[in-house]
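Model the placement of chain U on the given structure of chain W, informed by the hints.
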Amino acid sequence: GAGVSQSPSNKVTEKGKDVELRCDPISGHTALYWYRQRLGQGLEFLIYFQGNSAPDKSGLPSDRFSAERTGESVSTLTIQRTQQEDSAVYLCASTKPPGAGVGEQFFGPGTRLTVL
Amino acid sequence: KNEVEQSPQNLTAQEGEFITINCSYSVGISALHWLQQHPGGGIVSLFMLSSGKKKHGRLIATINIQEKHSSLHITASHPRDSAVYICAGNNNDMRFGAGTRLTVKP
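Chains as they are written, first to last, in my numbering: chain W, 1 to 116; chain U, 1 to 106.
Chain W with its partners taken away, still in its complex shape (with noise of 0.2 Å):
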């Protein structure tokens, strides 16, 4: 089947203004990730779904960053205001059952987002 799929690919916006990244994870994956990677750098972690709920939004790097995850499939990242610090390749992963916080971790190819 389908893997995990996110959009835009890639997105260049002005300082300033708010972005929606979406994920698409892969059918029945109960268990969501965002991650992000700045040019060069290695992989953050940001925040990851257990159904529709999020455990654990400390890694959500300032109060700008926002997601929500609904009916167990698609989730959004919302960055308001964004930053020329906010410019990375930010990647969604899935896990299948029984996840938990814990599984094999299926990427996306990841949003390019550059800020102005």
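Derived from the structure by calculation, the hints contain no laboratory data. Since the model is a prediction, treat every value here as computed from it, not as a measurement. Please note that a few of the clues may not be correct.
Result set (DSSO-like, lysine-lysine): computed pairs, CA atoms no more than 27 Å apart in a straight line [claimed, not checked]: (1) U:K105 - W:K96; (2) W:K96 - U:K53; (3) W:K96 - W:K57; (4) U:K55 - W:K96; (5) W:K15 - W:K57; (6) U:K68 - U:K55; (7) W:K17 - W:K57; (8) W:K57 - W:K11; (9) W:K96 - U:K68; (10) U:K54 - U:K68.
Using the frame of chain W, we list chain U on its own:
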């Protein structure tokens, strides 16, 4: 000090060589992941393990829970193995190592 440390940072090998990448972690985890990031940026999960050893083709991953250490081995390395290899500790969240950039020369 990072909670997940990898070594080496960079590794260059000749085709056919046996390769070992090491990962040490200082946090409690439920599982340890090894990921491969291709030059184009795509990430693939290689292994998830919580004990012992797993093998897939030419790749072998081991973990020692008591020592909080894991290794990824590649036998008979090939240029197509060139990638960044990342270990990560999983306990609801994910704590990533900085990655090991492997270059295998023909």
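Starting from W:K57, check that the Cα of W:K11 is at most 27 Å away, please. holds (24 Å)
Is W:K96 within 27 Å of U:K68, Cα to Cα? holds (26 Å)
Check the hint pairing W:K17 with W:K57 against an upper bound of 27 Å on the C-alpha distance. holds (22 Å)
Restraint check for W:K15 with W:K57, where alpha carbons must lie at most 27 Å apart: With Cα atoms ~24 Å apart, W:K15 and W:K57 stay inside 27 Å; holds.
Mind checking the alpha carbons of W:K96 and U:K53 for me, to see if they're no more than 27 Å apart? holds (22 Å)
Take a quick look at whether U:K105 and W:K96 sit within 27 Å of each other, Cα to Cα. violated (36 Å)
Check the hint pairing W:K96 with W:K57 against an upper bound of 27 Å on the C-alpha distance. Holds. W:K96 to W:K57 sits at ~21 Å (cutoff 27 Å).
Given pair status - W:K96, U:K55, alpha carbons within 27 Å: With Cα atoms ~21 Å apart, U:K55 and W:K96 stay inside 27 Å; holds.
Against the 27 Å threshold, does the CA-CA distance of U:K54 and U:K68 hold or violate the hint? The given pair, whose Cα atoms are some 16 Å apart, holds under the 27 Å limit.
Hinted pair, alpha-carbon criterion (27 Å max): U:K68, U:K55. Please report holds or violated. Roughly 19 Å between the alpha carbons, so the hint for U:K68 and U:K55 holds.
In terms of the numbered hints stated before, the structure departs from hint 1 and from no other.
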